[in-house]
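Chemist: Residue strings, one per chain:
2 protein chains.
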Amino acid sequence: MSASFRERYAAAAAANRSLLCVGLDPDPVRLPDGVDAVAFSRAMIEATADLVCCYKPNAAFFEADGAAGWSALRAVIEAVPAAVPVLLDAKRGDVGHSAAFYARAAFEQLGAHAVTLSPYLGLDALAPFLAYRDRHSFVLCRTSNPSAGELQNLTADGRPLYEQVALLARRWNVHGNVGLVAGATYPHELARVRALCPDQLLLVPGVGAQEGDLAAAVRASVDASGGGALINASRAVLYAVERGSMRERARAARRAASELRDAINAARGVAV
Amino acid sequence: MSASFRERYAAAAAANRSLLCVGLDPDPVRLPDGVDAVAFSRAMIEATADLVCCYKPNAAFFEADGAAGWSALRAVIEAVPAAVPVLLDAKRGDVGHSAAFYARAAFEQLGAHAVTLSPYLGLDALAPFLAYRDRHSFVLCRTSNPSAGELQNLTADGRPLYEQVALLARRWNVHGNVGLVAGATYPHELARVRALCPDQLLLVPGVGAQEGDLAAAVRASVDASGGGALINASRAVLYAVERGSMRERARAARRAASELRDAINAARGVAV
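Going line by line, the protein sequences match chains A and R. Here the first sequence is numbered in our numbering, starting from 455 and rising by one per residue. Here the second sequence is numbered in our numbering, starting from 455 and rising by one per residue.
Please note that the accuracy of each hint is not assured.
[Unchecked claim] Chain R is faced by these chain A residues, among others (derived, beta-carbon under 8 Å):
(1) N512
(2) S525
(3) R528
(4) G547
(5) Y556
(6) G576
(7) P600
(8) D611
(9) Q618
Hints in this document: simulated from the structure, not taken from any laboratory. Glycine included, each C-beta is placed from N, C-alpha and C at the ideal position.
Isolated chain A (complex conformation):
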């Protein structure tokens, strides 16, 4: 049996001494002239593969280009070295019958090792994903965007809704393959999610371009061993500079990724 996502993540995090996850969001208007999404993403992967614990392509940026974009997404996932796992940021969530097809798309057609999912429909929308025991499903819990609290901070049966989702995610974790998404922009909520789910993986978006406080987010999200978190940066790495050749941009991305890795390690008390 092949390694689980959790094992792949742990191996990459150890080998690269890194909790940095790089989001692959190729925005066509920000790419160098004559460089397409696949070539850009490949160059970013080559520049950073020894500095990360995971890559996280976001399906939205590829879907906007239709069938060609879907082919590009698959090519980008294939370009990730075997030593680094791939988390498809898809935020899917549909009734069980349809969810089975989404799971097949993410895990079989695209070959991702993990996926992000919405909790709004409850367990039977997640079950077809969880049935892939070697893959991981990260459930949206407390997201990083400004309007996240409109639903997520409502008081639901005595505690914030996002805490209820954390408790559900803990219950859903029967096979050890359920993680949670909690944004760096809300470190207090992030710490609550970690307290409720001490042993589950946390995907933490919102550092860099979304300006979360990195050190606070890292301290709030790591588990008792100082690991168990994927601290994601997308634009802060991919577009560390927005001019120059692909080679210059890749160099800037590598520098940004290296600095983020070191800052994350400093915050969690790992020697830089």
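Mind docking chain R on chain A? Use the hints.
Modeler: Here is chain R on its own, set in the frame of chain A:
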């Protein structure tokens, strides 16, 4: 300026005297030998186009086939006659920056007139969709699946969470292009959603294969004029028979759609 989704829906509902929406969910294991998803969907559209108010392809069934599936989805949408609008069942929901790409995929790349979306991230995940004022966004409110209540029926600030979502959807409806999804399998909740949102369009899945009580669901979901709802059936129409030639299956689908349309009209007091 071209017609809005709401105008297209109203025109088709009036011309065909129908609130029936047919879901296009081509499951490869249920298709006749030698018939692909596009040919199957086209035959179903030809057999039912004068009996429906809308078609609702579900992205999941196409994504599972990768780039080819995405091309097929586009071809299916193009095969729908101009007189009938298309609602893409995608259930997307991501932070604003990414949501803008999902909106482009649904409305520009695929040419859908409406889409289904998750409310979990709040308004800024919906805003890029709502900015297309002639398109419609249907927000998941009370879904039709068995575990829907795990989150949706939690008591949130004094009322069920799905009611809070209904109130938010009413507030988000500034441009008159926000609808809601409420399943036929829970007619009591459906009636509450209609009461909270008297003037918005409701997409009602869960009749037929999911065995909701059709007459109760219709009465609970129509607005004061006896319209304003899209009563969706997918499998009950597409797979009305599971044997025989494509021609025989199309004939059975037409019969099933016709009976559903008539039953919906009887329940809402429109002469059959």
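Chemist: Is the interface hint satisfied for S525/A? The criterion is a beta-carbon contact with chain R at less than 8 Å.
Modeler: Because about 4 Å separates S525/A from the closest Cβ in chain R, which is inside the 8 Å limit, the hint holds.
Chemist: Given G547/A as an interface hint, is its Cβ closer than 8 Å to any Cβ of chain R?
Modeler: Holds, about 6 Å.
Chemist: Is the interface hint for Q618/A satisfied, with its Cβ closer than 8 Å to some Cβ of chain R?
Modeler: holds (6 Å)
Chemist: Tell me if the interface restraint on D611/A is satisfied: Cβ within less than 8 Å of some Cβ in chain R.
Modeler: Because about 5 Å separates D611/A from the closest Cβ in chain R, which is inside the 8 Å limit, the hint holds.
Chemist: May I ask you to test the interface hint for N512/A with respect to chain R, counting a Cβ-Cβ separation under 8 Å as satisfied?
Modeler: With a closest approach of 6 Å, the N512/A hint holds.
Chemist: Under 8 Å, Cβ to Cβ, is where G576/A needs to be relative to chain R, so tell me if that hint holds or is violated.
Modeler: For G576/A, the interface hint holds, since the closest Cβ of chain R sits about 3 Å away, which is under 8 Å.
Chemist: Report holds or violated for the interface hint on P600/A, using the least CB-CB distance to chain R and a cut-off of 8 Å.
Modeler: Hint holds; P600/A Cβ to chain R Cβ min 6 Å, cut 8 Å.
Chemist: With chain R as the partner, please determine if Y556/A meets the hint condition of a C-beta pair closer than 8 Å.
Modeler: holds (5 Å)
Chemist: Just to be careful: measuring from the Cβ of R528/A to every Cβ in chain R, is the smallest value less than 8 Å?
Modeler: holds (7 Å)
Hint compliance for this structure: every hint is met.
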